[in-house]
Each structure stands twice: as C-alpha cells, then as structure tokens.
Amino acid sequence: MSGGVRHLYVHLPFCASRCGYCDFVTVVGLQGQHGAYVTALLAELELEGGVLAAPLESVFLGGGTPTLTAPGELERLLHALPPAEEITVEANPETVTPELAALLRECGVTRVSLGAQSFQPRLLEVLERRARPDDVRRAFWTLRGAGLDNLSLDLIYGIPEQSPCDLDADLDEALALKPEHLSCYELEAKPGTRFTHAHGAELARQAEAMESYFERVVARLTESGYRWYETANFCRSPSLADRRDLRSRHNLAYWRGRDYLGLGIGAVSTIEGQRWRTTPRLARYLAALAAGEQPERELEALPAPVQQSERVLLGLRLDEPLLLDGLDDAVDAEALERLERLGLVERAAGGTLALTERGRFLGGGVTAELLA
Amino acid sequence: MKQERIRNFSIIAHIDHGKSTLADRILEVTDTVTGREMRAQVLDTMELERERGITIKAQAVRVTWKGHELNLIDTPGHVDFTYEVSRSLQACEGALLVVDAAQGIEAQTVANAYLAIENDLEIVPVVNKIDLPSADADGAAAEIAELIGDTPEHVLRISAKTGEGIEDVLDAIVERISPPAGDPAAPARALIFDSSYDQYRGVVAFVRVVDGSFSARKPLRAMAQGTRFESEEVGFLSPTMQAAEALGAGEVGYVITGLKDVSRLRVGDTLTSERNPASEPLPGYKDVKPMVFAGLFPTDSDEYPALRDALERLKLNDGSLFYEPETSQALGFGFRCGFLGLLHMEIVRERLEREFDLDLIVTAPNVAYRVLTKAGEELEVHNPSEMPREVERVEEPYIKASIIVPKDHVGPVMELNTERRGRFDHMEYLSEERVLLVYELPLAEIVLDYYDQLKSRTRGYASFDYDVVGFREGNLERVDVLIAGEPVDALSLIVHRDGAYARGRMLVDRLREEIPRQFFDVAVQAAIGSRVIARETIKAKRKDVLAKCYGGDISRKRKLLERQKAGKKRMKQVGAVEVPQEAFLAVLNLDGNKK
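Residue numbers (numbering that gives the first Met the number 0), protein chains in the order written: chain A, 0 to 371; chain B, 0 to 594.
These aren't lab readings, by the way, just hints derived from the structure by calculation. All C-beta atoms in this analysis are idealised placements derived from N, C-alpha and C, irrespective of residue type, glycine included. Some clues are possibly wrong.
Claimed, not checked - Have a look at the derived ranges for each label pair, beta carbon to beta carbon:
| no. | chain 1 | residue 1 | chain 2 | residue 2 | range |
| --- | --- | --- | --- | --- | --- |
| 1 | A | P163 | B | K567 | 43 to 53 Å |
| 2 | A | E127 | B | R541 | 37 to 47 Å |
| 3 | A | A203 | B | E485 | 48 to 58 Å |
| 4 | A | K189 | B | E561 | 10 to 20 Å |
What the hints assert, rightly or not - With a straight-line cut-off of 25 Å between C-alpha atoms, the simulated DSS-like cross-links for lysine-lysine are:
| no. | chain 1 | residue 1 | chain 2 | residue 2 |
| --- | --- | --- | --- | --- |
| 5 | A | K189 | B | K547 |
| 6 | A | K177 | B | K564 |
| 7 | B | K314 | B | K288 |
| 8 | B | K314 | A | K189 |
| 9 | B | K542 | A | K189 |
| 10 | A | K189 | B | K564 |
| 11 | B | K567 | B | K540 |
| 12 | B | K567 | A | K189 |
| 13 | B | K399 | A | K189 |
| 14 | B | K373 | B | K399 |
| 15 | B | K288 | B | K259 |
| 16 | B | K538 | B | K568 |
| 17 | B | K454 | B | K399 |
| 18 | B | K558 | A | K189 |
Stated by the list, open to error - Computed list of chain A residues with no C-beta within reach of chain B, every gap over 12 Å:
| no. | residue |
| --- | --- |
| 19 | E45 |
| 20 | E74 |
| 21 | V305 |
| 22 | T366 |
Take these sequences, add in the hints, and give me the full structure.
Listed below in structure tokens is the structure:
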C-alpha cells in the first residue's frame with residue numbers, strides 16, 4: 000500500500016429489519032451471506048487498496064448494522080483491515096453484548112457510534128427501531144465497561160408525535176450518559192416512502208417545529224460543554240475531555256474535502272477528482288468479486304469548479320474557518336458582501352471565511368446563495 | 000349594379016347563437032362558395048377566432064340572390080368592440096337579429112339590437128337552432144318580438160345547421176330591407192368600417208360607398224385623420240378578393256391603400272376623393288381610446304426584444320391596441336398596454352403567447368384615470384404608480400351595464416353591483432322568467448373579477464354587456480405596497496376610499512403568504528401616502544440546513560443546493576428581498592378564493 004488516500008469506509012449492509020425512515024443501502028435477512036460478503040470485501044480491498052496510504056488516519060465501518068454481522072466474520076474483517084489511528088464502528092443498541100464489546104476492543108476499534116435515536120419508547124416504535132430505551136443505556140455501559148473511551152450517540156428529532164418535552168427528555172437522557180460525541184439529525188422523510196405516506200400530516204406539523212428543535216438542541220448541548228463543530232455534530236470540549244480532540248476524524252475528512260476509498264455495496268469513493276459508487280446490488284457485487292473482477296460502479300467526474308463548490312458547501316458546515324485560497328471562482332462576491340452585511344458570514348485575516356452563529360443555523364440557504 | 004338591387008346587412012347575435020354558421024350557409028346557398036371549398040365558418044379567418052367562437056375582425060362578403068347584390072357585413076360580437084359594431088351597422092340598411100331558440104335573448108342581443116335601432120336599421124328577427132331538442136322557438140320569438148316591437152309571426156324560424164329556412168332569410172333580406180340611398184353623382188364618400196394589414200399590399204380598408212364612386216389609382220383622403228394615399232386597387236370579397244373597376248354608391252368592398260400603418264386609417268373615418276372632395280364627412284366618427292391598461296412583462300428578461308417585435312406585429316392589424324415601454328423595478332423591462340376592454344386584453348395576451356411563443360407576466364389590469372393636479376395640470380394616468388400624490392380631482396370611466404338573469408337571481412346580482420359601487424338605473428321583465436337589470440358602474444370595479452363573480456353568483460345564468468358612458472369624479476386613493484420599506488411599483492393600486500383599508504389588508508395578507516421567509520424580518524406594508532394602513536411581518540427564517548452530509552451524500556446535497564440556487568434566480572429582487580413572480584399577481588385575486 001503506497002497511495003495517498005488516508006481514509007477508508009467499509010459498508011456492512013446487513014440489518015435485522017428495515018426502519019421506515021431509512022434510505023441507506025441495507026440488506027435484511029440473508030444471515031448465510033455474511034461470510035461471502037466479508038470475503039468479497041477483502042477481495043475488493045485487495046483490488047483497490049493500492050491507493051491507500053500507510054498508516055491510515057481513519058477507518059469507518061458503517062451500515063446497515065455492522066454489529067449484526069456474524070461475530071466471527073466481523074473479527075475476520077477487522078483483523079484484515081489496515082491499521083488506522085481511528086477505527087469507528089456503527090452499532091445498534093440491541094446488538095451490543097459484552098462479547099461483542101470485547102471483540103471490538105480486541106480488534107483495535109477506537110470509537111463506537113451508537114444509533115440511539117430516541118429514549119422515548121413510543122417514538123422508537125414510530126421509527127420502527129428494535130431497541131428499547133433500556134437497551135440504549137445498557138449498550139452504552141457495556142461498551143464503556145469494555146474500555147471503549149470514545150462513544151458517540153445518534154439522536155433524531157422531528158419524529159412524528161414528538162413534543163418539545165420529548166426532545167428535552169431525550170437530550171437529558173443522552174447527556175446523562177456523558178458520551179464523547181453526539182450526532183443530532185432532523186428526521187428526513189423522503190417523499191414517496193412508506194414512512195412519509197404513513198405520517199404525512201404529522202411530518203408537516205413537525206417540519207414547522209423543526210427550527211425551534213434545532214435551536215434547542217444546539218443550545219442545550221453547547222451549554223453542557225459540547226462543541227458544535229459541524230452542523231449536526233457535537234463533541235465534548237477538550238477542556239472537559241483531558242484535552243482530547245473528540246471530533247470524528249473520519250467525518251472531518253469528508254468535510255475537509257479529503258479523498259476517501261469506500262468498500263462494499265453502495266459505497267462511495269472520491270479520489271483525485273473522480274467519484275464512484277459501487278453497485279448497491281448484493282448478488283452482482285458478490286459474483287464480480289468471486290470472479291476476481293471489479294464490481295460495477297457508477298462514475299461521476301468532478302471538474303475543478305465542482306470540486307471547489309463542494310469544498311465551500313462542506314467546509315462551511317464546520318466551526319473552523321474555510322480558507323478561500325483557490326476557491327474565488329466558486330464564491331459569488333456580491334452575495335458574499337450581502338451575507339456579510341446581514342451578519343451571516345465573516346471574513347477574517349488570512350483569507351478565510353466562516354459562518355457566524357446565526358449563519359450556521361441558516362447554513363444551507365447561505366451556501367446556496369454564496370455559491371457562484 | 001343598380002342601387003335598388005343592392006342590399007347591405009349585418010348579422011347580430013350573442014356568442015354561440017349561430018351567427019357564423021348562418022353566414023356560412025348563406026355563402027353556400029347563394030353558390031358563393033362550392034361545397035368543396037366550404038370550410039366551416041369561412042368568415043372567421045384567425046385561428047383564435049374559430050377556437051373561441053368570437054369574431055374579432057369584421058369583414059364583408061358579397062353574394063348574389065335572385066338578381067340582387069347582397070353584402071353581408073360581419074360584425075365583431077363582443078362588448079369590447081361596440082364602436083366597431085356600430086360602424087359596421089352604420090354601413091348597412093338592415094340587420095338579421097339572431098337568437099338561439101334554446102337560450103332566448105342575452106344581454107348582448109339587447110345591446111346590439113338597440114345599437115341597430117339607433118342606426119335606423121330594418122331588423123329581420125330570426126330564431127335559430129330550431130332543430131335542437133331543447134328549442135323553444137315560440138318563447139324565443141315572443142321575446143325577440145317584444146324587444147323590437149314586432150309580432151311573433153314576423154319572426155323567421157330557421158336552423159343554420161341543417162339549412163332549414165335559409166332561403167326565406169335571403170328572401171326576407173331582399174323584401175324587407177331597403178336599398179341604399181346615396182347620390183351617385185355627388186362627390187365620393189365612403190365609410191371605413193374595418194381595416195386590416197396585408198404583408199404584401201399594406202393596409203386594406205373595408206368601405207361602404209355612400210355617394211359617388213371609387214376606382215383604382217386615384218388620390219384619396221381620410222377626412223378626419225387627414226391621411227392621404229393613392230388607391231392601388233378596389234374590389235369586393237366573394238369570399239376572396241376580387242378586383243373591380245369601381246365601387247359605386249351603395250356598394251360594399253375594399254380599397255387597397257398601400258399604407259404601412261393601420262393606425263393611419265381609423266374605423267369610422269370617411270374616405271373621399273382628393274380631386275373632388277366632399278364638403279362634409281359622414282357622421283359618427285369617434286377616436287376610440289383604450290380604457291383598460293396592464294403591464295406586460297416577459298418572464299425571461301431576454302425575451303424583451305421578442306415581445307416588442309410581437310406587439311409591433313399585432314398593432315399592424317389592431318389599431319386600437321396601444322403600448323409604450325414600461326420599466327418596473329420589480330418586473331424589469333416590459334410594456335404598458337392599453338386595451339378596449341377585458342376580452343381585448345385576453346385576446347392580445349393569448350395571441351402573444353400562442354402565435355409568438357412568449358411567456359408573460361400580466362399585471363393586474365387598471366382603468367384610465369383623468370387627473371387634475373393641484374397645479375392645475377390635466378393628466379391621463381394609465382398606471383397606478385404614476386398617480387400623483389397631490390390631486391385636485393380624479394375621474395374614472397363609468398359603464399352602463401346590462402345584465403340579463405332569471406328572476407330568481409336578481410337579488411345576488413343587485414348585491415354584487417352594490418358592493419361594486421353600482422348605481423341602479425332600471426329593471427325590466429323581458430319575459431315572465433327573465434329580467435334585464437341596468438346599472439351604472441365604475442369600469443374599475445369590473446376589470447378584475449366581476450364577470451367571474453357574476454357567473455358564480457347566478458350559477459352561470461347571467462349574461463352581461465357594457466358600454467362606456469363617460470368619466471366621473473371618484474373618491475379614489477392610491478394604495479402603495481412597501482416590502483422591507485421599498486415601494487413596489489407593480490403592486491400599487493387605485494381604489495375607492497371606502498374600500499382602501501380592506502384592500503390594503505387583503506393585499507398584505509396575500510403577500511405574506513406568497514413571499515417566502517428570508518434571512519431577516521421583512522415588513523410588508525400597505526400605505527396611502529405616508530400613512531400605513533396595513534402591516535404584516537414575514538419572520539426571518541431560523542433554520543435552513545441540510546441535516547446530514549457524509550461521504551455518500553455529497554453529490555446529492557450539492558445538487559440540492561444547485562436547485563435551491565436556481566429557484567432563487569427565478570425570483571425578483573425587491574431591495575434585498577426575493578419575491579416570487581406569483582406574488583405580483585396577488586393583486587389579481589384579492590377577492591378570489593384563497594389557496
């Protein structure tokens with residue numbers, strides 16, 4: 000391995016059931032395929048791994064439900080992956096057992112992202128999640144007990160039938176666990192999905208409440224000593240975490256426009272101005288790699304102006320200033336001035352640009368206006 | 000042809016009562032066109048006319064019947080063209096008054112019948128569509144006889160569709176209508192009752208010769224406008240153009256003028272010979288002025304030159320269309336156009352969109368105002384945003400409206416007219432069931448949605464016609480709209496003082512719905528002068544983010560932002576506020592159903 004790509008994503012698509020709101024590439028059932036899939040992943044690593052640097056900065060195992068993968072196969076995979084400074088695995092609370100926690104720890108996993116979503120039983124049901132609130136807490140303490148010292152919780156807000164009190168309760172419960180990291184997303188219901196169909200009117204009502212929910216989330220978490228370092232991501236401030244930087248290094252790489260390799264079905268890679276997405280179809284993926292061939296992929300060329308636009312749209316999600324050097328063509332100078340007058344963006348010495356606090360709440364619209 | 004063997008007549012009828020079909024049948028029965036040449040409704044040449052069933056441009060066709068020369072002068076069939084109708088009628092000695100056997104008399108029938116009576120025309124009453132299962136020929140004949148003071152037995156009963164009774168109609172024209180008077184030896188005089196523009200031959204005038212005669216290559220003059228030209232050719236339509244040596248007294252035909260501008264030859268003017276001019280023009284010439292105005296703006300500002308060219312071309316054939324460049328800070332470059340009425344506006348808009356493939360924003364129509372400023376200056380104002388702040392007096396056009404409704408719907412119609420500042424004139428029973436209501440109303444009160452309201456409050460049974468009767472002083476206010484403190488010219492309106500607060504409130508409410516939330520609070524105000532009469536605040540957006548964005552989402556999120564960006568480009572910028580184009584049409588539907 001002698002390339003320059005320092006970030007690796009591995010997709011593990013298997014799930015026990017599909018949650019109504021989910022739009023990731025997932026595979027339900029097919030427990031018998033875990034071994035074949037891991038074998039295929041390792042074959043793909045063999046084919047594509049030449050671009051990777053050694054050592055890697057980050058590896059991220061996402062899903063699906065990576066922790067649903069048969070333990071033996073998960074272990075085989077983790078042992079075969081190249082070493083990295085940060086290795087994150089996504090986990091669903093109901094899959095976390097002491098054995099699994101020990102396995103992750105032993106295989107060098109440094110960080111676990113736990114899909115809590117909510118602590119309210121009825122909201123978990125609306126989301127079609129299998130875990131109950133106790134499962135979330137138990138999973139958290141099990142991982143902690145195994146010595147994992149970088150845990151993240153995912154929360155979702157804007158769930159049908161959620162009230163502001165429910166949101167406060169969720170934030171209280173999450174903060175009580177003192178996780179190193181929190182990701183808080185508004186529920187995105189894609190039009191035409193079963194979920195949207197079932198909850199249409201209620202989703203519309205939640206959309207109206209969404210802006211106060213977002214403000215509430217940011218206010219509560221920052222008051223509690225978390226750094227709002229990306230639009231939807233928070234980490235314990237270094238002063239409260241033995242000076243550790245607890246931002247997700249893997250995700251920071253995306254937001255800073257770094258190259259990354261993705262393995263597995265539906266995984267996206269972006270390397271040197273090329274982006275591709277591997278086929279999301281399991282059978283084709285397995286067949287191609289069994290034959291020693293590269294699986295089908297969807298290619299997207301990223302010409303320089305597109306890369307620059309992406310740098311702006313990703314960079315402005317962060318709380319760190321964006322260096323404008325080389326991005327002049329991507330930014331509409333007139334819009335920049337207008338937004339500056341409105342107190343939504345700030346230019347600083349050294350040719351950097353950052354959103355103001357208010358600007359961050361309006362980041363999407365501000366970026367749309369800013370892009371030339 | 001000797002004068003006593005000539006008959007000049009028109010057909011007057013409500014839309015859809017069968018005027019065009021009757022005209023077609025007359026051409027057929029007199030062998031003017033053969034069956035093979037017969038195209039349904041030969042006289043309506045414009046695509047739009049056929050589609051809407053309205054005759055826009057009058058024309059004249061000569062047919063021969065039992066040794067007589069019959070000239071059928073087609074009249075435009077709608078309220079906006081009353082003046083043109085009256086000129087066409089003046090060119091005739093008689094008129095067929097056609098009424099649908101199933102529908103009976105409509106408001107337009109009454110208006111045009113009165114117009115014909117005023118012009119001393121012999122009226123030949125005809126009940127058409129007697130073949131319809133729902134026909135009540137006796138009822139319709141009784142109504143029509145009552146209207147014109149004739150006996151029901153004298154009313155012809157026909158079916159233009161099947162051809163039944165057409166020959167009786169032709170005989171009646173010969174028997175009942177007098178031959179044209181006029182002096183063949185006097186200095187030449189002809190009434191221009193229509194004109195059109197031919198790409199190759201210039202302006203073609205359609206005329207009725209009253210005295211003397213006209214022939215080709217003679218210097219001529221239009222007496223009211225003073226336009227001089229040489230006749231290139233004279234002739235008649237049968238139904239295509241047939242050149243003739245001369246058009247004699249009493250005859251109807253065309254004169255090719257070689258003029259390049261249709262507005263130099265106005266309907267109602269008198270043509271005479273330059274060498275031996277008549278001393279007096281024919282009576283009745285009026286300079287018709289547009290009464291309804293609206294701004295026309297291209298949706299895409301790059302289409303401005305195309306819109307200008309299209310208006311120029313329409314104007315060639317439509318002397319009553321008026322336009323001048325207008326700049327709106329909100330809608331950009333466009334034209335302020337003047338129309339005879341609402342239908343005229345609708346037809347122009349449709350032709351621009353259909354024949355010239357333009358995408359237009361049409362602002363809310365307003366009427367012409369006559370203003371006397373404090374400084375003693377007299378102005379005609381065509382655009383609310385140009386109304387001076389300090390005025391001594393404002394006059395607005397008034398109409399006399401004739402409305403025919405079944406008697407059960409009289410109440411709602413009176414209510415509507417009262418809401419619209421109408422003054423009751425009189426009411427008469429046309430039959431036991433149907434009532435004619437006559438009101439005077441400010442034209443401004445009908446330009447927006449009066450007709451829709453009338454239809455909906457009478458379940459579609461009302462028919463309506465109007466005639467402008469003059470200007471009257473009104474207690475009017477100019478209401479301006481300010482968005483974030485900036486006045487928006489395209490949204491100004493002029494309303495009666497009593498309705499100003501309610502209008503201002505509705506307008507502000509509608510705009511609050513139409514304008515999306517921005518990055519800052521936006522005040523929407525309605526004001527009379529510096530006095531704010533209604534205000535709403537569009538609260539600033541507090542959240543506008545794409546929830547999550549990781550390695551697999553970037554392309555999709557980028558495209559989402561690109562779409563968001565494109566959406567913003569379609570908005571119009573008012574100061575720092577982005578206003579969707581729909582918002583400018585909010586004034587159009589103030590009373591209409593809210594979304």
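Would the hint linking K177/A and K564/B be met if the CA-CA limit is 25 Å?
Given pair K177/A, K564/B is violated - Cα atoms ~40 Å apart, limit 25 Å.
Return holds or violated for the Cβ distance of P163/A and K567/B against the range 43 to 53 Å.
violated, 31 Å
Would the hint linking K567/B and K540/B be met if the CA-CA limit is 25 Å?
holds, 15 Å
With 12 Å as the threshold, tell me whether T366/A passes as away from chain B on beta-carbon distances.
Given that some Cβ of chain B is not farther than 12 Å from that of T366/A, nearest at about 6 Å, it is violated.
Would the hint linking K454/B and K399/B be met if the CA-CA limit is 25 Å?
Judged against 25 Å, a Cα distance of about 18 Å means the pair holds.
Keeping to a limit of 25 Å between CA atoms, is the pair of K189/A and K564/B held or broken?
Distance of about 21 Å is within 25 Å: holds.
Starting from K399/B, check that the Cα of K189/A is at most 25 Å away, please.
violated, 57 Å
Hint check: K567/B vs K189/A, CA-CA at most 25 Å. Holds or violated?
Satisfied, since the Cα-Cα distance of roughly 23 Å is no more than 25 Å.
Mind checking the alpha carbons of K189/A and K547/B for me, to see if they're no more than 25 Å apart?
Roughly 14 Å between the alpha carbons, so the hint for K189/A and K547/B holds.
What's the verdict on K542/B and K189/A, does the C-alpha distance respect the 25 Å limit or exceed it?
holds, 19 Å
Starting from K314/B, check that the Cα of K288/B is at most 25 Å away, please.
holds, 14 Å
Does the no-contact call for E45/A survive, Cβ to all of chain B over 12 Å?
E45/A clear of chain B: closest Cβ-Cβ about 21 Å, beyond 12 Å.
Comparing the model with each numbered hint stated earlier shows that hints 1, 2, 3, 6, 8, 13, 14, 21, 22 do not hold.
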